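2 protein chains.
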Amino acid sequence: MSIENLTRKKVNFDNPRSFRATLKSHLKETFFPDDPFRQFRKEKFGGRVVKKAVQYFIPIFEWLPNYNLRLFQFDLLAGITIASLAIPQGISYAELANLPPIIGLYSSFVPPLIYAVFGNSKHIAVGPVAACSLLIANTIGEKVSHNDDPTLYLYLVFTATFFAGVFQTLLGLLRLGILVDFLSHPTITGFMGGTATLICLQQLKGIFGLKHFTTKTDVVSVLRSIFQNRDEWRWQSAVVGIIFLTFLQFTRFLRRKRPNLFWVSATAPMVVVAVGCLFSYFAHADKHGIQIVGHLNRGLNPLSIKHINFDSQYIPVTLKVALITGLIALAEGIAIGRSFALMKNEQVDGNKEMIAFGLMNIVGSFTSCYLTTGPFSKTAVNFNAGCRTAMSNIVMSICMMLTLLLLAPLFSYTPLVALSAIIMSAMLGLIDYEEIYHLFKVDKFDFLICMAGFIGVAFISMDYGLMMSVGLAMVRTLLYAARPATCRLGKIQDSYLYRDAEQYPGVTRIPGVLALQLGSPVYFASSNYIRERILRWIQEENDISNGGESIVKHVLLDLSGVISIDTTGIETLIEIHKMLKARSIKLSIINPRLDVMEKMIRSHFVDKVGKQSIFLCIEDAIEASSFSLSTQKE
Amino acid sequence: MSIENLTRKKVNFDNPRSFRATLKSHLKETFFPDDPFRQFRKEKFGGRVVKKAVQYFIPIFEWLPNYNLRLFQFDLLAGITIASLAIPQGISYAELANLPPIIGLYSSFVPPLIYAVFGNSKHIAVGPVAACSLLIANTIGEKVSHNDDPTLYLYLVFTATFFAGVFQTLLGLLRLGILVDFLSHPTITGFMGGTATLICLQQLKGIFGLKHFTTKTDVVSVLRSIFQNRDEWRWQSAVVGIIFLTFLQFTRFLRRKRPNLFWVSATAPMVVVAVGCLFSYFAHADKHGIQIVGHLNRGLNPLSIKHINFDSQYIPVTLKVALITGLIALAEGIAIGRSFALMKNEQVDGNKEMIAFGLMNIVGSFTSCYLTTGPFSKTAVNFNAGCRTAMSNIVMSICMMLTLLLLAPLFSYTPLVALSAIIMSAMLGLIDYEEIYHLFKVDKFDFLICMAGFIGVAFISMDYGLMMSVGLAMVRTLLYAARPATCRLGKIQDSYLYRDAEQYPGVTRIPGVLALQLGSPVYFASSNYIRERILRWIQEENDISNGGESIVKHVLLDLSGVISIDTTGIETLIEIHKMLKARSIKLSIINPRLDVMEKMIRSHFVDKVGKQSIFLCIEDAIEASSFSLSTQKE
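These protein sequence lines map, in sequence, to chains A and B.
Take UniProt numbering: the last position of the first sequence gets the number 634, and nothing is skipped along the way.
Take UniProt numbering: the last position of the second sequence gets the number 634, and nothing is skipped along the way.
Because the hints were derived from the structure by calculation, they are not lab data.
None of these values were measured; they are calculated from a predicted model.
Hints should not be assumed to be uniformly reliable.
Identical copies carry no separate label here, and so any pair may be met within one copy or between two of them.
In silico DSS-like links for lysine-lysine, alpha-carbon gap of 25 Å or less [said to hold, decoys possible]: (1) Lys553 - Lys441; (2) Lys257 - Lys28; (3) Lys444 - Lys608; (4) Lys211 - Lys344; (5) Lys441 - Lys611; (6) Lys320 - Lys581; (7) Lys578 - Lys306; (8) Lys586 - Lys441; (9) Lys9 - Lys211; (10) Lys586 - Lys10; (11) Lys344 - Lys581; (12) Lys257 - Lys306; (13) Lys205 - Lys257; (14) Lys444 - Lys24; (15) Lys143 - Lys320; (16) Lys257 - Lys581; (17) Lys51 - Lys441.
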């Protein structure tokens with residue numbers, strides 16, 4: 001005993017940290033992993049701190065003072081480019097949400113201004129998105145039909161937007177970005193793919209010029225509706241639609257081949273709208289089976305703050321829409337902001353983004369806008385057009401203002417079929433076959449999560465599809481925690497390293513010793529499993545050595561990888577200790593980590609097992625054991 | 001490059017295993033962690049295998065052939081002891097479930113016989129339990145009142161028992177013991193404590209001899225009901241009750257002080273019933289405000305198979321009761337069986353136990369029994385009385401049969417107040433203050449999970465309390481997966497060991513090198529966190545060394561503890577690689593485990609980062625890096 005202690009490295013048995021210290025550290029890791037207040041800690045309170053704090057919370061004060069004409073040239077170009085995309089997209093997505101088309105234009109005027117002040121991504125371009133538009137149409141449409149009572153429907157959409165904004169702001173203020181983390185990438189891919197498929201099929205309504213259509217949103221109902229109304233099909237509409245769609249898809253193809261021609265595909269929707277308007281104006285297309293958007297009034301966003309509807313009979317539905325769309329909008333916006341920031345090696349603060357999105361939707365809901373976020377298509381165009389700061393959003397916003405004040409009536413001739421073609425073309429780009437195949441190749445469970453979202457959205461409904469996918473991702477996490485893999489370690493020849501014997505088949509066994517590495521965490525859900533599994537390892541080890549000589553005499557549990565343990569886990573270790581003792585097998589614990597060690601001390605595990613059974617490395621444990629074995633023999 | 005490769009230990013870059021191999025291994029770990037068919041694998045098919053299989057599935061064939069008189073002596077004594085407890089408990093718990101008292105006796109006759117055949121615990125004594133009895137009364141009582149339609153109520157209880165049995169059997173056959181694993185120990189402690197508190201307070205009804213009482217089961221309603229009906233209080237009843245309760249508590253106290261006097265407390269409830277019967281028979285107690293049980297017919301269990309009710313209007317409620325009580329019964333029974341087996345260094349197969357419990361409840365529901373499991377109190381008595389095999393259940397069953405055939409009418413004089421005292425005394429023993437304090441001391445989150453169950457059950461309702469507690473335990477697991485702690489490693493002096501710098505403050509830093517150990521798993525929920533956290537580590541490291549000299553030039557990510565990674569996790573590692581590259585920091589990956597390495601190869605991560613950046617240990621990575629740094633300088 002005494003000799004062992006001299007030679008071996010010391011395990012730290014210090015007293016556990018206080019509860020307060022542990023709690024503080026846990027809360028910090030959970031809610032403030034990016035340590036946002038680091039910059040203030042060194043300073044004394046004073047003018048500089050106030051200035052820094054203002055800059056921290058309102059990012060425009062950080063970049064505007066250093067803004068110059070050179071940067072503005074870039075932003076001006078980018079801003080005009082995204083404005084030319086924002087007009088057709090705004091009208092199309094409003095149409096998708098069963099809202100008056102002008103609402104789509106309003107929604108590209110106010111929210112970008114707010115985002116420019118509070119947002120901290122340099123590349124995001126703000127506007128409505130297809131998935132949320134459809135979700136709003138479905139969910140609110142179930143309660144109030146937009147045909148029967150368009151005003152109430154519109155007001156409920158504003159209310160849902162308001163709630164979504166409040167929810168997003170709260171998430172940001174409470175630093176609950178962790179919720180967004182649970183919308184995993186496979187979930188988003190599947191959800192987007194399913195939604196895009198659905199929207200594509202729905203747009204066949206516009207392409208064929210149908211007047212009657214199902215309000216349901218599963219693939220089966222939509223397809224049935226298209227083929228049952230064959231007598232309403234208008235070939236004029238279909239021809240125009242297919243021409244537009246072909247043109248749009250060609251510009252997309254062009255962008256792929258020649259990335260520097262991105263502006264062709266960026267302005268193509270605007271070209272389609274303009275050509276469509278001219279065509280329907282001169283050819284009186286509306287009299288030949290091609291429907292048009294209809295009257296669009298001149299003028300800026302009217303106030304809608306007094307239309308926010310708190311009637312208790314509509315609260316459940318608006319709240320539901322707000323929670324789902326708010327979360328999806330955040331997940332999409334933040335993920336896109338982050339991925340573009342990464343290309344420039346910059347960072348985006350998720351929690352600040354949530355506040356920015358939230359404020360922009362609250363103010364939006366007061367000024368006749370519906371839910372907006374940073375959609376992929378627009379942001380990509382903004383990035384490619386060379387935007388430098390959020391100023392490009394302000395430029396876009398000013399363009400929209402001019403449009404609303406001067407040009408709005410011109411767009412009333414836009415044929416619906418052109419909008420359908422624009423939406424279809426955008427949606428075809430959102431089905432990410434390559435990513436889905438990548439998931440299939442690398443991780444089958446991620447593929448399953450993705451397909452649950454895809455198929456759920458396409459064949460059941462958007463909210464169920466989303467929930468199925470998120471649920472499956474959570475099940476995966478829980479399953480992991482219930483069955484953290486253990487492995488048998490062996491010694492790599494000519495080294496002091498112990499590695500997984502399955503991964504490194506050449507490792508050597510030490511006779512009589514079974515070294516196991518436990519997975520993390522050792523929680524209630526896994527404790528039965530761990531006990532069973534350890535017994536099986538011993539059994540298997542004994543089976544291999546048929547003879548009686550090298551039967552397991554010493555079990556080493558390597559806890560290096562175990563970050564967290566709960567009381568049930570510690571109970572289990574105590575039980576394992578007892579069980580092994582009854583079979584006269586020695587148990588050694590290797591390298592328990594800080595949190596684990598603290599709980600072992602508090603629960604008197606260390607007293608029960610003995611400090612002499614806890615080691616810093618496997619080598620020490622084996623040495624100590626062979627020493628005690630040899631002394632036993634003497 | 002070439003010199004490095006010669007000296008360092010080789011990382012295994014073999015081709016990934018096939019999907020089938022991985023899936024098979026995962027399914028095995030998830031559903032067959034105990035490898036139940038190991039014993040059959042070596043044998044050829046034939047008589048021996050059939051015999052072994054029969055013995056495996058029907059354990060009685062394993063122990064009965066070797067059974068002898070010496071063992072029977074022990075089991076006989078234990079069986080008689082638990083029978084004397086089963087009679088008062090059966091009547092009391094049936095009363096608690098608002099069932100005719102005779103059902104409680106029936107339930108201690110048939111199910112123990114079935115369990116003796118299929119069960120594989122030697123110590124469990126079968127019978128009804130308080131928590132499930134109350135849960136049945138509440139949930140079915142909400143749909144059908146036992147006062148208005150006692151027959152329908154009774155039939156629904158049989159139906160719920162039938163469904164519970166089917167559910168339990170299915171769980172066992174599908175090897176879904178993993179579901180039971182999610183009822184953690186703190187949840188059970190809290191749930192039991194809350195239920196026991198509630199039942200204790202409810203029994204004040206019996207003690208005070210009240211006739212009117214609330215059907216609600218939260219502490220507030222129960223207390224209000226007791227104090228609002230003060231005019232119904234009967235002092236005679238209260239005096240008798242308090243005497244009985246004092247006696248019962250004294251025998252429990254005696255057992256604690258003198259464990260070998262356990263039989264005193266085991267038979268005390270029977271004594272109370274006997275004394276109560278005599279007292280109420282001779283003193284005509286029912287005429288002095290003390291209510292009695294009333295008519296109990298002679299005769300064995302009537303068949304109830306044709307009373308199982310599949311009426312669609314009752315299916316939801318019976319199914320709900322079945323799922324909740326079935327799961328609680330399993331969790332309690334298996335946990336208790338396991339903990340007693342552990343004392344004798346034996347094992348209990350959870351999945352086989354589920355099938356045994358399930359069959360016993362299915363057969364029970366056909367023979368006028370309600371839900372049974374292996375309750376703690378009875379099993380402890382059985383164990384202490386020295387039972388050797390499941391034969392003690394058969395002995396108890398025969399005793400019950402004799403009681404039903406001969407003695408049943410005698411018990412009709414049992415005063416309700418005696419039953420209340422018996423239940424109260426049993427419940428007081430179920431509130432495990434010491435365990436709750438232990439949880440508080442060792443793990444505050446486990447304490448929270450426990451208290452959510454306790455307070456939820458006591459103040460809201462039993463099912464909500466249970467769900468709150470289980471939900472919180474799941475949130476804990478998900479939170480863990482969202483924020484797996486990383487730590488900075490330092491070298492322990494005079495060794496090759498790298499350990500957590502926070503845990504071992506004496507470790508040395510290597511200038512320019514930042515070694516981080518990642519926690520497991522690296523999943524979608526944690527990937528943003530891990531990226532942010534690594535950037536913060538670099539920031540902190542640079543802050544410490546104010547000067548420019550020892551700024552981080554090389555980041556090592558030790559993945560030894562990471563057992564599982566998903567596509568989002570791998571994306572994140574690729575992103576980290578890009579970010580570091582942009583800051584001209586070298587990234588090395590240390591010791592990726594089998595699953596992680598396979599996914600890294602499949603997703604071409606290895607190609608992107610380069611095989612020369614992946615090492616088997618930290619030492620190798622540092623050597624390689626200093627080598628490449630020194631060659632750069634030359």
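For this session: Identify every previously stated hint that the structure contradicts and give their numbers, smallest first.
Result: 1, 2, 4, 6, 7, 8, 9, 12, 13, 16 and 17
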